[in-house]
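Novice: With chain A's structure known, arrange chains B and C on it following the hints.
First to last, the protein sequences are chains A, B and C.
Take the first sequence: its position 118, counted from the start at 1, is 118 in the working numbering, and no numbers get skipped.
Take the second sequence: its position 209, counted from the start at 1, is 209 in the working numbering, and no numbers get skipped.
Take the third sequence: its position 179, counted from the start at 1, is 179 in the working numbering, and no numbers get skipped.
Check the hints yourself; a few may be wrong.
What the hints assert, rightly or not - For each label pair, taking beta carbons as the anchor points, the in silico distance ranges come out as: (1) A/THR52 / C/SER108: 50 to 56 Å; (2) C/GLY34 / B/VAL15: 58 to 64 Å; (3) C/ASP278 / A/ARG311: 44 to 50 Å; (4) A/PRO101 / B/GLY98: 20 to 26 Å; (5) A/GLU47 / C/GLU314: 46 to 52 Å; (6) A/GLY36 / B/GLU308: 54 to 60 Å; (7) C/GLY34 / B/SER108: 36 to 42 Å.
No wet-lab data here; the hints were simulated from the structure.
Ideal Cβ positions, reconstructed from N, Cα and C, are used throughout, including at glycine.
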Amino acid sequence: MTLTLSELAEKIGAVVVGDGAAAVSSIQTLEEAGAGQVSFLANPKYEKLLATTRAAGVIAPKSTRSDRVTLLRCDDPYYAFMQTVVLLHGYRRHPHAGVHPQAHVDSSAVVGAGTVVYPGAFIGPRARIGRDCIIYPNAVVYDDCVLGDRVTLHAGAVIGVDGFGYATHGGVHHKIPQVGIVELQDDVEIGANSTVQRATLGKTVVGAGTKIDDLAIIGHGATIGPGGLIVSLSGVAGSTTIGHHLIMGGQAGVAGHLNLGNHVTIAAKAGVMNDAPDGAVLYGAPATAAPHGKKNVTLGALLPELVERIRKLEKRLGERLEEK
Amino acid sequence: MTLTLSELAEKIGAVVVGDGAAAVSSIQTLEEAGAGQVSFLANPKYEKLLATTRAAGVIAPKSTRSDRVTLLRCDDPYYAFMQTVVLLHGYRRHPHAGVHPQAHVDSSAVVGAGTVVYPGAFIGPRARIGRDCIIYPNAVVYDDCVLGDRVTLHAGAVIGVDGFGYATHGGVHHKIPQVGIVELQDDVEIGANSTVQRATLGKTVVGAGTKIDDLAIIGHGATIGPGGLIVSLSGVAGSTTIGHHLIMGGQAGVAGHLNLGNHVTIAAKAGVMNDAPDGAVLYGAPATAAPHGKKNVTLGALLPELVERIRKLEKRLGERLEEK
Amino acid sequence: MTLTLSELAEKIGAVVVGDGAAAVSSIQTLEEAGAGQVSFLANPKYEKLLATTRAAGVIAPKSTRSDRVTLLRCDDPYYAFMQTVVLLHGYRRHPHAGVHPQAHVDSSAVVGAGTVVYPGAFIGPRARIGRDCIIYPNAVVYDDCVLGDRVTLHAGAVIGVDGFGYATHGGVHHKIPQVGIVELQDDVEIGANSTVQRATLGKTVVGAGTKIDDLAIIGHGATIGPGGLIVSLSGVAGSTTIGHHLIMGGQAGVAGHLNLGNHVTIAAKAGVMNDAPDGAVLYGAPATAAPHGKKNVTLGALLPELVERIRKLEKRLGERLEEK
Chain A
1 MTLTLSELAE KIGAVVVGDG AAAVSSIQTL EEAGAGQVSF LANPKYEKLL ATTRAAGVIA
61 PKSTRSDRVT LLRCDDPYYA FMQTVVLLHG YRRHPHAGVH PQAHVDSSAV VGAGTVVYPG
121 AFIGPRARIG RDCIIYPNAV VYDDCVLGDR VTLHAGAVIG VDGFGYATHG GVHHKIPQVG
181 IVELQDDVEI GANSTVQRAT LGKTVVGAGT KIDDLAIIGH GATIGPGGLI VSLSGVAGST
241 TIGHHLIMGG QAGVAGHLNL GNHVTIAAKA GVMNDAPDGA VLYGAPATAA PHGKKNVTLG
301 ALLPELVERI RKLEKRLGER LEEK
Chain B
1 MTLTLSELAE KIGAVVVGDG AAAVSSIQTL EEAGAGQVSF LANPKYEKLL ATTRAAGVIA
61 PKSTRSDRVT LLRCDDPYYA FMQTVVLLHG YRRHPHAGVH PQAHVDSSAV VGAGTVVYPG
121 AFIGPRARIG RDCIIYPNAV VYDDCVLGDR VTLHAGAVIG VDGFGYATHG GVHHKIPQVG
181 IVELQDDVEI GANSTVQRAT LGKTVVGAGT KIDDLAIIGH GATIGPGGLI VSLSGVAGST
241 TIGHHLIMGG QAGVAGHLNL GNHVTIAAKA GVMNDAPDGA VLYGAPATAA PHGKKNVTLG
301 ALLPELVERI RKLEKRLGER LEEK
Chain C
1 MTLTLSELAE KIGAVVVGDG AAAVSSIQTL EEAGAGQVSF LANPKYEKLL ATTRAAGVIA
61 PKSTRSDRVT LLRCDDPYYA FMQTVVLLHG YRRHPHAGVH PQAHVDSSAV VGAGTVVYPG
121 AFIGPRARIG RDCIIYPNAV VYDDCVLGDR VTLHAGAVIG VDGFGYATHG GVHHKIPQVG
181 IVELQDDVEI GANSTVQRAT LGKTVVGAGT KIDDLAIIGH GATIGPGGLI VSLSGVAGST
241 TIGHHLIMGG QAGVAGHLNL GNHVTIAAKA GVMNDAPDGA VLYGAPATAA PHGKKNVTLG
301 ALLPELVERI RKLEKRLGER LEEK
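So here's chain A without its partners, still in its complex pose (with noise of 0.2 Å):
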């Protein structure tokens, strides 16, 4: 679609400083924008490039003031680029419609209207998909487990995989069956090769609207509220529970059997091993909660200078003492 400035503006909500008689029909970063193309500036990191883009013109947030380019000011210029790539270019168009017949959907298995399985998907036995669902090539769902409307499964994204689940007994590892299912609600989008356990009982659950990046891994029995966010080679571990909106940093960890509250963040790389109430943000192996975590994981790289602190000390008070 090509818009002018200004017709774009009027869609998103942004109000034009400069002229807004260009017509732009994509958008592209600030260093690669040309004629015909707008920009925009969400991470202030960018705001030097202003100078040097050659954008027609760049969506900005509301304190932003260039001399040399049109702006669109508006109040969340991250979530205005969004509605400006959804204008401009839309989204994926999808080369088949229902099911590939090089997919496996499993004849006791119900798809949705208006869902798209790619070849090489697998639904099994009784999987109920929901309506508007995207199943990309290669991506599994095993027997039983519930997908709701608009889910989106990346390639090999691995869906009711057993929990990994035994009971040791004489140095034997005894499997258990894995009787319970997967249920993703409405909206949630797992990323490739990302899986999530069945669980061993009842249901593990990834409520509405959580998204999961690539290489992740929901354990067993888990329940992830609605509305979070987890970045990739993360793990939550099995029966544990965490609130909604949570948002969890890539390679991070959350052991088994926890409750974990509403809004919380944990760093990448966090390893969170207790507990944590409404709003906990969680730094660190074991994680412990800012300001102490955060502080907890950049004093770390001062443990040259502590051994050098403490060394001086135990050398002063050594002197002193002989001078004794």
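Specialist: For chains B and C alone, kept in the frame of chain A given last:
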């Protein structure tokens, strides 16, 4: 299957304390269980739920007491729980037998009797799969690899991919053909999207009865002994040899070319950089043995306090020196 | 192929010390090698095995001596080892040529001559795959992505999955269409189940000759220069730019929106949070440069001792104050 609590107790070697007449046909957690359901208590953390559970009976340790619910007391309640799940629910019933037509088994590969190969699975040239294995959708076995009997590969698991081996010469990474294989011994289970790399020469071995969770990697030429448990997002680097009954927590790593003994335990997120003897318990990155290693990890959380204590010492010592 | 040790030495640029007449037809480790096999010594850790190996000859560094086994001395024994594996064993012979009928290549995609596409692989709309590539089973290339020549995708690798990009507004994560692509340049190799995310705008680039191990992720809009090595379970977050000849250990991470120079080395498990210049060697999480960073990581293991030393200082100082 439906059993009375007394019948169930007899089958799992438990002693009924209370009324054993109630019939149960499924098992459920203490919180979720209702009429017609048995539950279990294996983690002391959940003992308080005995006061509120609506289960018809509870499998529990010998020392447990309750004045309101029938107990099935036994030595190893988690093992009894496993037995009960098998009795009442059983293992997954596969939607087809043998090799599914949407799988790809090379004409030179051998697949044992009773083995189920799901759609999208790939068994490469000359690979040999034993009896009664389960190869879930989109799992891949590269050429020449050998799987014993009763091996399970979950969806997307990759066995025998090339080891990460290059000879760097003049800034160019020259690929070393990986001419070895992978051997998965009897009763091994590999989680979804995990990978086991073929050896450069010889073989990578996963010993009998070892269970690997999702998203883990065993490097080329490594040997993992029998009876191990490896949790998700962990990695064992190439040419490392580990004895039997390894326990490896999530997001842990072991460097290459090491020797670890039998019954070694590696804590979640640990990074093992050195050889370790039988029975070692390793914490931290770089990992050190418990109790030191465990203390070390825990003390990490004390850093802000330690800095404060050093500051005070410096201040007091400085003042005393000035007084002088 | 069978060669005498002398013939082999000539081909790999080595000098025979001892009898070069023995014929060898395969290569094996020092421990496992027997008659008719050549071996190699590249890691000094294994030098003592020269005293017991039954290999017919050993490729070794120039300084090596042995009074019992023929040596093939050379400047770079690991490179000579690679050459020998190629000579005696060669690379994998694929079971078919071209695109296998059980693969799915979109009708608008372009696949170069000599490229092998295994069963279950998916090549999306308008994707362009160069010449002599190998796309192993169940690897996935999303729409519009571009692969150079001689690119290898191992089983389950996913190229061009949507970047993890959402605009959060009123507690809802709105998906940003990821309209960019992935470009894998010539001679890139991607390990099993690794993922490279397509850029939001523009492209994610993996430079020529860069090799990525299994279960790693390159985030959307990142640029990895040529000649890099990235070990398994590592992640590079979005919009980060890294120069050529990166070396990244296992389970390491790099945050988003950073600039790292050429020849940067990141230790296993490190977490890079800041820009780094050419040649930086980074340890720890958050990572700091060696030697400080390395010390810091090592000193972590000293924490129990440091606490003890602080306690003693406090005690001695306290006593002295009381004495006063």
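Novice: Compare the structure with each hint and give your call.
Specialist: Structure-based check of all given hints:
1. A/THR52 / C/SER108: 50 to 56 Å: At roughly 37 Å between Cβ atoms, C/SER108 and A/THR52 fall outside 50 to 56 Å, so the hint is violated.
2. C/GLY34 / B/VAL15: 58 to 64 Å: holds (59 Å)
3. C/ASP278 / A/ARG311: 44 to 50 Å: Check failed, 33 Å falls outside 44 to 50 Å.
4. A/PRO101 / B/GLY98: 20 to 26 Å: Roughly 22 Å apart at Cβ, these two residues keep to the hinted range, so it holds.
5. A/GLU47 / C/GLU314: 46 to 52 Å: holds (49 Å)
6. A/GLY36 / B/GLU308: 54 to 60 Å: holds (59 Å)
7. C/GLY34 / B/SER108: 36 to 42 Å: Once the Cβ atoms are compared, 27 Å apart, the range 36 to 42 Å for B/SER108 and C/GLY34 is violated.
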